[in-house]
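**Q** Now for the letters of each chain:
Number of protein chains: 2
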Amino acid sequence: MGRTFILYSRATTSPNFSLQSLYSYGRLDLVCRCVLSALWLSEKIRQDTQIIVSLNGGPNPPVAIRFDGTLSNVEPSEQSIAFLIKKALFKAKDGDWHSIQKGLAVSKKPFQELIRESRNVFVLDPSGKQIEAQHFESPTFVLGDNKGLPSGELKFALRKGEAISLGKKVYLASSVISVVNWILDKNA
Amino acid sequence: MGRTFILYSRATTSPNFSLQSLYSYGRLDLVCRCVLSALWLSEKIRQDTQIIVSLNGGPNPPVAIRFDGTLSNVEPSEQSIAFLIKKALFKAKDGDWHSIQKGLAVSKKPFQELIRESRNVFVLDPSGKQIEAQHFESPTFVLGDNKGLPSGELKFALRKGEAISLGKKVYLASSVISVVNWILDKNA
Chain A
23 MGRTFILYSR ATTSPNFSLQ SLYSYGRLDL VCRCVLSALW LSEKIRQDTQ IIVSLNGGPN
83 PPVAIRFDGT LSNVEPSEQS IAFLIKKALF KAKDGDWHSI QKGLAVSKKP FQELIRESRN
143 VFVLDPSGKQ IEAQHFESPT FVLGDNKGLP SGELKFALRK GEAISLGKKV YLASSVISVV
203 NWILDKNA
Chain B
23 MGRTFILYSR ATTSPNFSLQ SLYSYGRLDL VCRCVLSALW LSEKIRQDTQ IIVSLNGGPN
83 PPVAIRFDGT LSNVEPSEQS IAFLIKKALF KAKDGDWHSI QKGLAVSKKP FQELIRESRN
143 VFVLDPSGKQ IEAQHFESPT FVLGDNKGLP SGELKFALRK GEAISLGKKV YLASSVISVV
203 NWILDKNA
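Chains A and B, in that order, give the protein sequences. The opening position of the first sequence corresponds to residue 23 in our numbering, with each subsequent residue numbered one higher. The opening position of the second sequence corresponds to residue 23 in our numbering, with each subsequent residue numbered one higher.
Because the hints were derived from the structure by calculation, they are not lab data. A few of these clues could be false.
Note: identical chains are not told apart, hence a pair may lie in one copy or across any two.
What the hints assert, rightly or not - In the DSS-like style, the derived pairs of lysine-lysine whose C-alpha atoms are separated by at most 30 Å in a straight line are: (1) Lys151 x Lys191; (2) Lys182 x Lys130; (3) Lys177 x Lys66; (4) Lys124 x Lys190; (5) Lys151 x Lys208; (6) Lys190 x Lys208.
Only a predicted model underlies this, so the values are computations on that prediction, with no experimental measurement involved.
Using the sequences and the hints, build the whole thing.
**A** Dropping the structure here:
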């Protein structure tokens, strides 16, 4: 089943970050792990999946980077994803999607515009409806980084979509994506 | 519910690896992500969980490193886990567990001995029984790195335990751990 993840992140929008200390650039490490969890099976990429990361850190926010299942020749490691983010940040210029390479595109679209353009939106939130009680058709799942969604963005997303929950515990964003992918696979 | 993960890995057993290119040391990056998936919730550590990584790469195999929920002051990033692995590898000397710091211990125990010392062993394998049909009590989950368990180790583990499966797809080891943790939380 086709599926999209949208991750709200506070990571840097400068391409001049160091690949050696991703953690210190607004948790770029977390962003990279979310891309891995969204797109990779063991040794292969999910053809039917995409993840858009909305970067909202300085100096040039917002930047949206879209990874999809047509990516190829990429190692499943934090650093190789970070390298793609770096390439994309160098090319961020306006609100259209610009292709960087197969499976990778960049835009200056803000988070709310990404949501506005999505259908079948589900917002991961501990207070939402249990995910297993839900039916999904080409869904878009929205989640935040380690600090969660800012309240304005959360409200906006909930006007467009519905809150769903994995339970009472608050999980790592990358673990949330792994679990959602597995639940959708099981029900496919 | 208390739970243990045992990861079989082909990663290096030399402490002289570079924190900047974990991927190239037998997939140490993957080992670090498995530790994160096993122990971390969003911004906090699971008290009731441990993960033992069995490193079987050169030059000094095997080395077992045990991380548990009493770890503290560790960032949830690949590199901070890799730094702990490096510290542990410097201290690997014999078949007993030696504490390195709170929540971190090292031993030269081989994989099969780790299995022999475990109870309620479940081996993640696509051909196993569906995980949701299973009842767990203080379980130990055994899984392999990107190349899976070597056939001799798999057979050994299956003599001691039972094969369970997340379905037909083969997932990243770190995603497997995230899903297993979530299923156990749900049934707790």
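**Q** Which numbered conditions among the earlier hints are violated in the structure presented, ordered from lowest to highest?
**A** Checked against the structure, no hint fails, so every one of them is satisfied.
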